[in-house]
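Okay, so the sequence shown: first residue is 1 according to the UniProt record's numbering, each after it adds one.
Careful, some of the hints might be misleading.
To be verified - Listed below are the simulated BS3-like cross-link pairs for lysine-lysine, each with C-alpha atoms no more than 30 Å apart in a straight line:
#  : residue 1 : residue 2
1  : 338       : 369
2  : 649       : 487
3  : 637       : 512
4  : 409       : 197
5  : 368       : 649
6  : 618       : 487
7  : 637       : 250
8  : 355       : 338
9  : 512       : 197
10 : 637       : 649
To be verified - Pairwise CB distance ranges, derived in the manner of DEER restraints:
#  : residue 1 : residue 2 : range
11 : 135       : 24        : 19 to 27 Å
12 : 394       : 249       : 32 to 40 Å
13 : 534       : 99        : 28 to 36 Å
14 : 252       : 107       : 48 to 56 Å
15 : 435       : 299       : 30 to 38 Å
16 : 389       : 249       : 25 to 33 Å
17 : 534       : 38        : 30 to 38 Å
18 : 392       : 35        : 55 to 63 Å
19 : 139       : 252       : 45 to 53 Å
No lab work stands behind these hints, which were simulated from the structure alone.
Beta carbons are placed, not taken as given, at the ideal position from N, Cα and C, and that holds for glycine.
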Amino acid sequence: MPGLVLFGRRWAIGSDDFVLPGAFELFLRLVWWIGILVLYTVHKGQFNCPGGGLLHSYLLGLIILLASIICALSALVYISMQGTISNPGPRKSLPKILYTRLLLYFPEFIWAVIGAVWVSDNSVQCEKTVINGVIGTVIASWIIIIFTIIGVVIVFDPLGGKKTFYLPDGVSRNLESSQSGQLLYNVKSSATRVWEKRIRLLCCCIVQDDDHRVAFTSIAELFRSYFSDTDLVPSDIAAGLILLHQEQDKRENCPKEPEEVLCHSPSSLVTDDLDVELENAAHYMLFAAAAYGWPYYVYTNPYTALCKLNGDCCRNRPTDSDITGSDRHNFHFGSILKITGLQYRDFIHISFHNKIYEIPFFVALDHKKEAIVVAVRGTLSFEDILTDLSADCEDLTLEEVLENGFVHKGITQAANYIYRKLINDGILNQAFTIAPEYKLVIVGHSLGGGTASILAIMLRNSFPTLRCYAFSPPGGLLSKSLADYTKHFIVSVIVGKDLVARLSMPNMEDLKRRIVRIVANCNRPKYQILLRGCWYEVFGGDPDDFPTELDGRNQDALTQPLLAEESLMVHRSPSYNALEEESHLNSPPQYPHLYLPGKIIHIVEECSSRRLCSSDIKYTARWSNETVFSSILISPKMITDHMPDVVLKALNSLSQEHGSCLSC
Numbered sequence: 001m002p003g004l005v006l007f008g009r010r011w012a013i014g015s016d017d018f019v020l021p022g023a024f025e026l027f028l029r030l031v032w033w034i035g036i037l038v039l040y041t042v043h044k045g046q047f048n049c050p051g052g053g054l055l056h057s058y059l060l061g062l063i064i065l066l067a068s069i070i071c072a073l074s075a076l077v078y079i080s081m082q083g084t085i086s087n088p089g090p091r092k093s094l095p096k097i098l099y100t101r102l103l104l105y106f107p108e109f110i111w112a113v114i115g116a117v118w119v120s121d122n123s124v125q126c127e128k129t130v131i132n133g134v135i136g137t138v139i140a141s142w143i144i145i146i147f148t149i150i151g152v153v154i155v156f157d158p159l160g161g162k163k164t165f166y167l168p169d170g171v172s173r174n175l176e177s178s179q180s181g182q183l184l185y186n187v188k189s190s191a192t193r194v195w196e197k198r199i200r201l202l203c204c205c206i207v208q209d210d211d212h213r214v215a216f217t218s219i220a221e222l223f224r225s226y227f228s229d230t231d232l233v234p235s236d237i238a239a240g241l242i243l244l245h246q247e248q249d250k251r252e253n254c255p256k257e258p259e260e261v262l263c264h265s266p267s268s269l270v271t272d273d274l275d276v277e278l279e280n281a282a283h284y285m286l287f288a289a290a291a292y293g294w295p296y297y298v299y300t301n302p303y304t305a306l307c308k309l310n311g312d313c314c315r316n317r318p319t320d321s322d323i324t325g326s327d328r329h330n331f332h333f334g335s336i337l338k339i340t341g342l343q344y345r346d347f348i349h350i351s352f353h354n355k356i357y358e359i360p361f362f363v364a365l366d367h368k369k370e371a372i373v374v375a376v377r378g379t380l381s382f383e384d385i386l387t388d389l390s391a392d393c394e395d396l397t398l399e400e401v402l403e404n405g406f407v408h409k410g411i412t413q414a415a416n417y418i419y420r421k422l423i424n425d426g427i428l429n430q431a432f433t434i435a436p437e438y439k440l441v442i443v444g445h446s447l448g449g450g451t452a453s454i455l456a457i458m459l460r461n462s463f464p465t466l467r468c469y470a471f472s473p474p475g476g477l478l479s480k481s482l483a484d485y486t487k488h489f490i491v492s493v494i495v496g497k498d499l500v501a502r503l504s505m506p507n508m509e510d511l512k513r514r515i516v517r518i519v520a521n522c523n524r525p526k527y528q529i530l531l532r533g534c535w536y537e538v539f540g541g542d543p544d545d546f547p548t549e550l551d552g553r554n555q556d557a558l559t560q561p562l563l564a565e566e567s568l569m570v571h572r573s574p575s576y577n578a579l580e581e582e583s584h585l586n587s588p589p590q591y592p593h594l595y596l597p598g599k600i601i602h603i604v605e606e607c608s609s610r611r612l613c614s615s616d617i618k619y620t621a622r623w624s625n626e627t628v629f630s631s632i633l634i635s636p637k638m639i640t641d642h643m644p645d646v647v648l649k650a651l652n653s654l655s656q657e658h659g660s661c662l663s664c
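Generate coordinates for the entire structure from the input sequences, incorporating the hints supplied.
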């Protein structure tokens, strides 16, 4: 629902968000009140000790204060339980109750101070039990006050005063256009500055230069444009994701036509080609995983990795000319050696240098496949995250592609950096001097997979036989023309419901629309959605059949926004809408549709428990189409399916299964 308005500004919390925290505090207050009441009743008439008069007044006042707080909390929880996400009408009296509850913090603060003074008074000679009870009361009061302050800071919206600062509805669309334009510019500038400050705060531990400042502004614009047109609070988004997940599971359990679009070439040729590519992918995934260095090695070998690396930290130390960047104690290089199984002499160049748009990579000789392998590391640092989030589009023109291609800006700059190192520094010339008959293979996972793909496009003219294996690359990478061009030399490998492979601005916009639609039309209170959703995610069971206003509607009628949805969108003035329409008229979209690179192998689990770990997971692989990844799927595995160890496990499982079939 729209954010709660208090003290003349919007807050990042809804009027239906007080059920669970309010019920928790209500339980604590009831236990506390009963304990103080018992303490007062048992010791009534025993307050003749030094300081006992103040103690008697303190306990009596505390009992009355706690009773008042319990009444206010009960009313707050009850009112917050009423209505639905898009129907806040039954909760219209909640702000008044909330003001009352906030006012009660003042006497509670005073009572906490009085209790602290009384406890610290050395002249008090009352019973130990009473003193301990007052100490517990004082501690509990200060804890609740501190957590309340933290909660207020969390739900504070710096733009809360700007959200409703629009022109009146009665202003004509053609009047005061300059004033409305300036107003719109000010609102957007304020939002961008707020997001930029948040990003700078998150990245305060890294050295910031001009590239960082440009990236901060670009990313802030991205977040501002994405979140500016909805009035959802974080709990609304959580409820929407829960509803989408259960709706998605219900669809998957229904018999239907396969969603995958398969290549309808002769089946034997397709199968043989797929088996070969799976075997190659399983082999090269080791190089893509090794590029992560010691974090990946320790993650996959938590009990033995440090001992093994400590034993090898002083061996095989490369000379300064072989390695760039920091590798303390030789842990990164030692991990790469152990994961790939190569020898030191097989490495041509290793770079651990890491800045925004400059990511680590290594070049090695793979004698088993007779290949020169360029392995690019995926996301592992704040700088890498900034590279990922620099999602503006750049032009990439190729002679072989008739249409101009769009590419992800941040990843393209990272590919340019590696391209310059490989060509200008003569790294590839050195490699082909050692092994002139070898072919060039470029691999990477996640950010490394996207960078490897664009790097392969740049090197294609110079090395026509090169191959690229992109494991779990980001979805918003290449325009359609470039994606079709790369099908001849790039293979992308996606596991399950991987989020990153479906991550693009159009897909994020689609997810936002789906969240708004489903929460606006669900007829259940938010607290029920969250509680049942948490139970479903943890313990499983059948998806809940939440009744919605969408039930029974004709599908054609759902092409237009429903009334409840409009209440969750930021209300704009007519001039605001006119300006928005004019700005987008006859202009290309800022974030056009971008796709995965190359031919796509989609690996899915055949049969496994969705929530329980199983060592007998079986996978199937098939050629897929980029349209399959045009929507973000909500699942507990949307993150884990992206992890490099899960991708490697799936590929090894398929490769071993194919090998056992051949032996049979």
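Going through the hints against the structure:
Of the pairs offered as hints, the one joining residue 338 and residue 369 holds, with about 18 Å between alpha carbons and a cut-off of 30 Å not exceeded. Taking the CA atoms of residue 649 and residue 487, the gap is about 25 Å. The hint holds against a cut of 30 Å. Straight-line distance between C-alpha atoms of residue 637 and residue 512 comes to about 20 Å, which keeps the hinted pair within the 30 Å bound. Simply put, residue 409 and residue 197 have alpha-carbon atoms about 22 Å apart, close enough for the 30 Å limit, and the pair holds.
For the hint pairing residue 368 with residue 649, the CA-to-CA distance comes to about 20 Å; that is within 30 Å, so the pair holds. Of the supplied pair hints, the one linking residue 618 and residue 487 holds, its CA atoms being roughly 27 Å apart against a limit of 30 Å. For the suggested pair residue 637 and residue 250, the alpha carbons sit about 17 Å apart, so the restraint of at most 30 Å is met. Restraint check: the Cα-Cα separation between residue 355 and residue 338 comes to about 26 Å, which is no more than 30 Å; the hinted pair holds.
Simply put, residue 512 and residue 197 have alpha-carbon atoms about 24 Å apart, close enough for the 30 Å limit, and the pair holds. Distance restraint check for residue 637 and residue 649: the Cα-Cα separation of roughly 15 Å lies within the 30 Å cut-off, and the hinted pair is therefore satisfied. Take residue 135 and residue 24: their Cβ atoms lie about 23 Å apart, and the range 19 to 27 Å holds. Range check, residue 394 to residue 249: about 38 Å between beta-carbon atoms, so the 32 to 40 Å window is met.
At about 31 Å, the CB distance of residue 534 to residue 99 agrees with the hint of 28 to 36 Å. Remark: the range hint 48 to 56 Å for residue 252 to residue 107 is upheld by a beta-carbon distance near 55 Å. At about 32 Å, the CB distance of residue 435 to residue 299 agrees with the hint of 30 to 38 Å. Our hint of 25 to 33 Å for residue 389 and residue 249 holds, since their Cβ atoms are close to 30 Å apart.
Remark: the range hint 30 to 38 Å for residue 534 to residue 38 is upheld by a beta-carbon distance near 34 Å. Separation of residue 392 from residue 35 is about 59 Å and conforms to the stated range, judged on CB atoms against 55 to 63 Å. Between residue 139 and residue 252 the C-beta distance comes to about 50 Å, which sits within the given range of 45 to 53 Å.
When held up to the earlier numbered hints, the structure conflicts with none and fits them all.
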